[in-house]
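Protein chains: 2
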Amino acid sequence: MTDVLLRDGRPWGLGGPADILVRGGLIERVGEAVDAPGARVVDLGGALVLPGLVDAHCHLDKTLYGGPWVPHSAGDSLAGRIGNDLARRAELGVPSVERVTALLRTMIAYGTTHVRTHTDIDPGVGLRGVEAVREAAEGLPIDVTQVAFPQHGLLTNPGTAELLEEALKSGVEAVGGLDPAGIDRDPVRHLDLVFGLAERYGARLDLHLHDGGTLGAWQLELIAERAKALGPAAGRVTVSHAYALGEIDEAHADRLAHALAEAGVVVATAAVYSYPVPPVRRLRAAGVTVACGHDGIRDLWGPYGSGDMLERAMHLAYRSTFRSDDDIALALEAATYGGARALGLSGYGLSPGDRADLVAVPASGPGEAVVVHPGRTLVMKDGVVLHN
Amino acid sequence: MTDVLLRDGRPWGLGGPADILVRGGLIERVGEAVDAPGARVVDLGGALVLPGLVDAHCHLDKTLYGGPWVPHSAGDSLAGRIGNDLARRAELGVPSVERVTALLRTMIAYGTTHVRTHTDIDPGVGLRGVEAVREAAEGLPIDVTQVAFPQHGLLTNPGTAELLEEALKSGVEAVGGLDPAGIDRDPVRHLDLVFGLAERYGARLDLHLHDGGTLGAWQLELIAERAKALGPAAGRVTVSHAYALGEIDEAHADRLAHALAEAGVVVATAAVYSYPVPPVRRLRAAGVTVACGHDGIRDLWGPYGSGDMLERAMHLAYRSTFRSDDDIALALEAATYGGARALGLSGYGLSPGDRADLVAVPASGPGEAVVVHPGRTLVMKDGVVLHN
Chain A
1 MTDVLLRDGR PWGLGGPADI LVRGGLIERV GEAVDAPGAR VVDLGGALVL PGLVDAHCHL
61 DKTLYGGPWV PHSAGDSLAG RIGNDLARRA ELGVPSVERV TALLRTMIAY GTTHVRTHTD
121 IDPGVGLRGV EAVREAAEGL PIDVTQVAFP QHGLLTNPGT AELLEEALKS GVEAVGGLDP
181 AGIDRDPVRH LDLVFGLAER YGARLDLHLH DGGTLGAWQL ELIAERAKAL GPAAGRVTVS
241 HAYALGEIDE AHADRLAHAL AEAGVVVATA AVYSYPVPPV RRLRAAGVTV ACGHDGIRDL
301 WGPYGSGDML ERAMHLAYRS TFRSDDDIAL ALEAATYGGA RALGLSGYGL SPGDRADLVA
361 VPASGPGEAV VVHPGRTLVM KDGVVLHN
Chain B
1 MTDVLLRDGR PWGLGGPADI LVRGGLIERV GEAVDAPGAR VVDLGGALVL PGLVDAHCHL
61 DKTLYGGPWV PHSAGDSLAG RIGNDLARRA ELGVPSVERV TALLRTMIAY GTTHVRTHTD
121 IDPGVGLRGV EAVREAAEGL PIDVTQVAFP QHGLLTNPGT AELLEEALKS GVEAVGGLDP
181 AGIDRDPVRH LDLVFGLAER YGARLDLHLH DGGTLGAWQL ELIAERAKAL GPAAGRVTVS
241 HAYALGEIDE AHADRLAHAL AEAGVVVATA AVYSYPVPPV RRLRAAGVTV ACGHDGIRDL
301 WGPYGSGDML ERAMHLAYRS TFRSDDDIAL ALEAATYGGA RALGLSGYGL SPGDRADLVA
361 VPASGPGEAV VVHPGRTLVM KDGVVLHN
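Protein sequence lines, in the order shown, are assigned to chains A and B. If you count by my numbering, then the first sequence holds residues 1 to 388, one letter each, in order. If you count by my numbering, then the second sequence holds residues 1 to 388, one letter each, in order.
Hints may contain errors.
[Said to hold, decoys possible] Ranges of calculated distance between the beta carbons of each label pair, as one might list FRET restraints: (1) 215(A) - 8(B): 27 to 37 Å; (2) 131(B) - 17(A): 49 to 59 Å; (3) 41(B) - 139(A): 38 to 48 Å; (4) 128(A) - 14(B): 54 to 64 Å; (5) 8(B) - 71(A): 33 to 43 Å; (6) 68(B) - 29(A): 26 to 36 Å; (7) 109(B) - 388(A): 18 to 28 Å.
Hints were generated in silico from the structure; no laboratory data involved. Cβ coordinates follow ideal geometry from the N, Cα and C atoms, glycine included.
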């Protein structure tokens with residue numbers, strides 16, 4: 001593996017221009033006028049250098065990406081979308097290794113180096129989604145981990161719990177959940193079940209929580225209590241969407257934020273449509289890790305999404321009414337370091353010894369990188385230049 | 001002027017492929033296998049053909065577009081942004097003919113053929129913004145009309161009313177207003193003043209209304225009453241933003257929608273940040289014209305915005321939680337026909353006799369055009385191919 005010397009980059013957070021020497025897939029040195037005889041030299045022309053982008057919440061298995069446009073065919077209700085999904089996925093060949101591969105290639109081109117994807121598991125589809133995602137990801141320069149996701153109900157869909165367990169046995173890294181109250185109708189048993197699976201299999205846990213208002217807020221309390229009991233591994237438990245945090249009053253949100261921080265619970269958001277967005281600044285101030293993901297991309301649930309995590313961070317910043325560079329940087333943090341904490345990555349960052357998963361953008365700083373999300377100057381995975 | 005034959009386009013709404021013959025700046029014929037000896041032939045390769053995009057609400061005079069990134073420097077409050085604007089515009093050379101020109105060139109490249117821009121007028125800046133926009137637009141292939149806009153207060157900013165009148169005398173096409181209650185403190189006198197100016201100068205009227213809830217809704221009633229009294233010219237009065245329509249209950253919004261429709265009042269929205277979005281589907285169902293615009297682009301009020309009206313329509317569709325192609329088409333309608341009605345354009349459209357202001361995109365239909373907002377296949381203004 002050839003050494004690579006990245007000349008004249010501006011590593012995010014360092015404050016000035018620097019060269020980055022990459023050796024054996026790792027960052028070897030960061031500094032001024034680094035000398036590296038024999039290394040391949042790539043001139044970054046002053047581009048901003050970020051650690052690889054992390055999509056901490058997507059649904060690769062559902063995607064229709066790369067095929068012809070499929071007009072959205074579900075009604076406006078959540079129940080309508082679930083029914084439409086079940087009715088049409090077979091007809092459209094979902095899950096499809098080809099479609100997932102096409103989407104992963106686009107994500108790679110945009111500089112995403114790590115993905116956590118929620119893969120549907122139910123008696124109808126079994127583990128076919130898990131297998132399709134594994135097959136697509138295999139050999140591609142991107143790290144994909146999966147969440148065994150009971151999209152069509154857990155307690156309400158007999159046979160699903162056993163399949164989740166089977167998925168974990170097969171090596172799926174995390175177990176999921178879905179609106180323990182609003183959809184699955186029995187929050188305590190639902191949470192006990194998924195936390196039990198996470199404990200037994202040493203798995204991470206990432207729960208979808210769309211339930212809003214006080215119902216959602218109360219479930220966040222239940223989750224924080226169980227996460228605390230699960231042990232000290234901060235970041236092991238993630239709550240995705242958590243619309244309730246964007247709906248309750250600020251004092252209530254603050255109390256919950258402190259409880260989530262104490263329990264090490266991550267909040268992942270995609271800032272989709274007009275749904276409430278958790279208060280990122282408030283959560284960060286309380287010490288809560290915030291991660292960002294795309295949610296669905298061109299699937300039966302909705303036609304939107306590009307695969308570009310800088311664009312997704314723009315949506316998060318925009319919906320958060322972030323105007324200053326410092327605020328917008330919080331959205332970028334969610335799409336990088338925050339996601340890395342959610343996924344439990346080690347060796348993630350821009351310091352010597354970190355894995356050389358890097359993306360460079362022609363931008364003056366995080367504000368411009370997120371707002372403009374320009375084409376990438378460089379994408380590097382494990383020390384290999386994929387695009388420049 | 002050479003005739004142009006656009007081969008193999010799919011004009012929006014026609015349902016199938018067609019050729020479009022352009023002669024003397026107008027659409028001469030639309031049909032299958034059009035024969036046009038001597039015409040320049042442009043193959044559209046099956047691209048969707050739209051009438052030129054209409055940005056019905058922007059702020060060209062404020063823009064910092066095309067220059068280096070300027071980190072946002074105002075606080076979170078509206079008063080903070082107003083103060084910051086006044087303090088920093090001179091330092092940053094706003095208004096700037098160069099910056100406005102750079103932004104207009106980008107808008108043109110994206111296929112925008114008509115713009116209505118709200119130009120700040122106050123005793124500090126006088127009519128310099130109006131002159132800068134005129135100078136920038138002169139000679140560019142895009143139609144720019146202005147609204148004399150009292151950004152820094154009307155009744156509360158002595159001397160502004162006289163300057164608005166001076167602007168109208170100089171040929172500015174429309175008069176503006178700004179939160180007659182919330183900012184200008186005297187809604188009745190404010191509205192009487194601007195409606196009076198519109199009547200005296202035969203001008204159009206476009207009022208910013210951020211005031212929310214019942215305060216905003218009540219002002220919409222006042223505006224509808226005055227628009228009705230002003231006469232039958234549908235589309236002469238526009239209310240921009242109209243956040244209140246997205247906040248009040250559905251029955252109230254319906255009543256207001258019918259009043260606005262009856263008075264021919266247009267609602268213009270940009271779907272910015274997390275601010276409420278007027279209910280587009282509900283408004284259209286009641287017969288209200290809905291227009292779409294960018295609002296500010298890279299200025300002291302906020303760093304966002306690209307100049308691409310298809311991307312802006314995406315934001316409107318996304319915030320409206322539009323998933324089906326039919327719904328998304330409402331956002332595209334706002335960025336085309338709706339804007340054209342707001343601006344009072346004649347000869348706008350895709351029929352023989354209409355002006356040949358056209359944009360083509362490689363998309364299967366309005367859904368894909370808005371969601372993906374891909375690079376343009378063709379941009380044509382007054383029959384001249386600007387880009388293909």
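For this structure, which hints from the list above don't hold up?
-> 1, 2, 4 and 5
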